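2 protein chains.
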Amino acid sequence: MLYFEDIQVGDSQASTEEYELTADEIIDFCTQWDPQPFHVDEEVAAATSVGKLFTSALHSMAVAMRMGVKEPSATVMGLGWDEVRFETPACVGDRLRLRGEIIETRLSKSQAGLGIVRTQLYLTNQRGDTVIRFKAAALIRQRPRES
Amino acid sequence: MLYFEDIQVGDSQASTEEYELTADEIIDFCTQWDPQPFHVDEEVAAATSVGKLFTSALHSMAVAMRMGVKEPSATVMGLGWDEVRFETPACVGDRLRLRGEIIETRLSKSQAGLGIVRTQLYLTNQRGDTVIRFKAAALIRQRPRES
Chain A
1 MLYFEDIQVG
11 DSQASTEEYE
21 LTADEIIDFC
31 TQWDPQPFHV
41 DEEVAAATSV
51 GKLFTSALHS
61 MAVAMRMGVK
71 EPSATVMGLG
81 WDEVRFETPA
91 CVGDRLRLRG
101 EIIETRLSKS
111 QAGLGIVRTQ
121 LYLTNQRGDT
131 VIRFKAAALI
141 RQRPRES
Chain B
1 MLYFEDIQVG
11 DSQASTEEYE
21 LTADEIIDFC
31 TQWDPQPFHV
41 DEEVAAATSV
51 GKLFTSALHS
61 MAVAMRMGVK
71 EPSATVMGLG
81 WDEVRFETPA
91 CVGDRLRLRG
101 EIIETRLSKS
111 QAGLGIVRTQ
121 LYLTNQRGDT
131 VIRFKAAALI
141 RQRPRES
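Note that the protein sequences, when read in sequence, are chains A and B. The first sequence begins at 1 in our numbering and counts up one residue at a time. The second sequence begins at 1 in our numbering and counts up one residue at a time.
Excised from the complex, chain A in its bound form (with noise of 0.2 angstroms):
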């Protein structure tokens, strides 16, 4: 279990697996939460400037948070995200990774015992284009004390 003193800024991880996009995950992911034509019928992503068929960016973020989610750490809860970016399509065929690096860790103000961790992260494809880069924000909890 990793909690607040376990991290430090400059920590960073890379996944070494890759998530492979398929068209039936594509269009099924989308079909139920972002039903964008282009995102759900391949004939009309061909003929935009992507040219084949893309996914949602909130499909993208999720293979992101479940390529994260690996090391259990003590969080309490997620408290944001900031600059989240949109850079390259995810395209089916695509292969993702995840990397990230810490970029603040500081101690709560208001509740003793827990710690804002800022992450900052990147989901890229097999040519090493950033798909989705952004910052998240956590509520970790310090290491229990011994008593």
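The set of hints was computed from the structure by calculation and includes no laboratory data. Treat the hints with caution; some may be incorrect.
Remember, identical chains collapse to one label, so a pair may be satisfied in a single copy or spanning two.
Using 30 angstroms as the maximum straight-line C-alpha spacing, the simulated BS3-like pairs for lysine-lysine come out as follows [claimed, not checked]: (1) Lys109 to Lys52; (2) Lys135 to Lys52; (3) Lys135 to Lys109.
Since the model is a prediction, treat every value here as computed from it, not as a measurement.
Following the hints, position chain B against chain A.
Showing chain B alone in chain A's frame:
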């Protein structure tokens, strides 16, 4: 179809429907995308300060996007989100609504025929608490000129 010219700062819209969160949907969504113990196990959730099953912020964003895609607009692509804040946990049984207000419209400097529209969005629960608030930016086509 709503084009860039049809959208003005101050325009606002609120969902008339509610979206009710069920335990099955929370557990299914979070098992796939954000499998933290307090999102997928009702007993673990009951022992947190929230006191009952609550969903991932990603799921709340998914509900917001789904409720937001009602009126077809000439959207080319989303550009990003800013100041995404997770203010109140979204819990089993909550009934969610979305409202939004246009906060900025401007023509693209680099791409003719396109404009950028920014919206402030709020996903709220049945008590009027804000679950998530965020700003979204999108690239929207201008109305085609008649020739």
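Here is what the structure says about each hint:
1. Lys109 to Lys52: between (48 angstroms within a copy, 26 angstroms between copies)
2. Lys135 to Lys52: both (28 angstroms within a copy, 28 angstroms between copies)
3. Lys135 to Lys109: both (21 angstroms within a copy, 26 angstroms between copies)
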